[in-house]
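*Asks:* With the hints in hand, could you dock these two chains into one complex?
Single-letter residue listing:
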Amino acid sequence: KAGVTQTPRYLIKTRGQQVTLSCSPISGHRSVSWYQQTPGQGLQFLFEYFSETQRNKGNFPGRFSGRQFSNSRSEMNVSTLELGDSALYLCASSLQGTALSGNTIYFGEGSWLTVV
Amino acid sequence: GQNIDQPTEMTATEGAIVQINCTYQTSGFNGLFWYQQHAGEAPTFLSYNVLDGLEEKGRFSSFLSRSKGYSYLLLKELQMKDSASYLCAVRDNGYSTLTFGKGTMLLVSP
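From first to last, the protein sequence lines stand for chains A and B.
Count the first sequence with our numbering and you get residues 1 to 116, in order.
Count the second sequence with our numbering and you get residues 117 to 226, in order.
Be careful, since some hints might not be right.
[Claimed, not checked] Here are the computed distance ranges between Cβ atoms for each label pair:
#, chain 1, residue 1, chain 2, residue 2, range
1, B, F145, A, G58, 17 to 27 Å
2, A, Q44, B, E157, 13 to 23 Å
3, B, N137, A, V116, 36 to 46 Å
4, A, G16, B, L190, 47 to 57 Å
5, A, T114, B, F145, 35 to 45 Å
6, A, G84, B, G174, 13 to 23 Å
7, B, E172, A, T14, 46 to 56 Å
8, A, F60, B, V166, 43 to 53 Å
9, A, L83, B, L170, 38 to 48 Å
10, B, Y186, A, F60, 36 to 46 Å
11, B, V166, A, Q54, 18 to 28 Å
12, B, G144, A, G84, 21 to 31 Å
Read the hints as simulated data drawn from the structure, not as lab findings.
Note that CB positions come from ideal geometry on N, CA and C, so glycine has one too.
In isolation and in its complexed conformation, chain B is listed as follows (with noise of 0.2 Å):
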């Protein structure tokens, strides 16, 4: 079956830096997302990843490592308005389809 496993629910400070993993079980692997989703709001696209190592984008990186079914973005210099859900997704099949992970609810405080 597919499977994908990221933190309920993490915090942090404004400035800092914050990690949010995701480790998936899939029959296939096509390639990883991550996106971001304010509440009442559609997710937006932030990254992905299909080659391990690490892919970065302004104060976003994704890594993956494909042979551990892990996968983490870096949210840095962390902002008021970067409080919001993080969803993991993987593409498991050369369609257009992703398997979603629950979402990862980052409050970040003053």
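The shape of chain A in the complex, shown without the other chains (with noise of 0.2 Å):
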């Protein structure tokens, strides 16, 4: 079955513009959860959502948003965007997402953003 798929994977944008990232899941998955990779800070969290709800949010400010669709797809955007924001950023799903379950998170290959 396929994978995670995340579009675009490559994009350029000026400081001030602001960008929507899509991700779709593995089908049948339910939870989405997006991560903002940098050389500097590693993978560090920014939000989930489960059944179009966010259940859960990182340590980044409000200009990071995010929704879920009930077909589970889910859109992160990032407004006003600053130098800062040039990274990789990933799209994870698993089944449930809970920890219950015990399921497996998978990645999708990402969308590398470059702000100029």
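*Replies:* Laid out in structure tokens, this is it:
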């Protein structure tokens, strides 16, 4: 079955612009999480969605937002882009998103964002 | 706070065995993951431990001791393609949120 699909793969934006990234989870997976990866900070959690509801949020400013649709697809948006937002944005999906099920978390290929 | 430590870099020779350690201090614990990430690519799932002990999967094994806040990833019969970053991540709550270590860059030489 298809893995986690993220679009676009690469994009360049100018400071002050906004960007929307899309993620389609593995079929049947209902939990979608977003992470930012930079050389200095490593992988950092942004937010997690389950059944269209944000269940958890990391320590990022309000410029970072997201949503999940009824088909489990998710989008994240970054407004008023800053140079420091340049990073690899990774989407991860899991079946139910609960530790009780012990389910695996799978990552997409990521979206490379460069802010100039 | 959350803290996950792993060595920054390791080197090993093709055909050898290498052990990558990970120690963690988190507010909760609901499983530990190991991922492999090649440069420019997404993290690939390697293993998951939630109970103490050893999980073996082919050339890769992962061990967990919850009382010590300690895990290791063991790679046997190293191949050149194993050169990558290895990420230790802890799920510290009941959801799908992972806290990652900074990763261990493994270089396998001939």
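*Asks:* Would you mind marking each hint as holding or not holding in the structure?
*Replies:* Hints versus structure:
For the hinted restraint 17 to 27 Å between F145 of chain B and G58 of chain A, the CB-CB distance of approximately 18 Å keeps it satisfied. Against the hinted window of 13 to 23 Å, the Cβ-Cβ separation of Q44 of chain A and E157 of chain B comes to about 18 Å, which satisfies the hint. For N137 of chain B paired with V116 of chain A, a C-beta distance near 39 Å keeps the hint of 36 to 46 Å intact. Between G16 of chain A and L190 of chain B the beta carbon distance is about 48 Å. The supplied range of 47 to 57 Å therefore holds.
Range check, T114 of chain A to F145 of chain B: about 36 Å between beta-carbon atoms, so the 35 to 45 Å window is met. For G84 of chain A and G174 of chain B, the hinted distance range of 13 to 23 Å is not satisfied, since their beta carbons lie about 40 Å from each other. A beta carbon spacing of about 50 Å between E172 of chain B and T14 of chain A agrees with the range 46 to 56 Å that was offered as a hint. Take F60 of chain A and V166 of chain B: their Cβ atoms lie about 28 Å apart, and the range 43 to 53 Å is violated.
Between L83 of chain A and L170 of chain B, the C-beta spacing of about 45 Å keeps the proposed range 38 to 48 Å intact. Under the hint 36 to 46 Å, the C-beta atoms of Y186 of chain B and F60 of chain A, about 30 Å apart, miss the expected range. At roughly 25 Å, the beta-carbon separation of V166 of chain B and Q54 of chain A lies within the given 18 to 28 Å, and the hint holds. Taken as a hint, the range 21 to 31 Å holds for the pair G144 of chain B and G84 of chain A, whose Cβ atoms sit roughly 30 Å apart.
Consistency with the previously given hints fails for numbers 6, 8, 10, ordered from lowest to highest.
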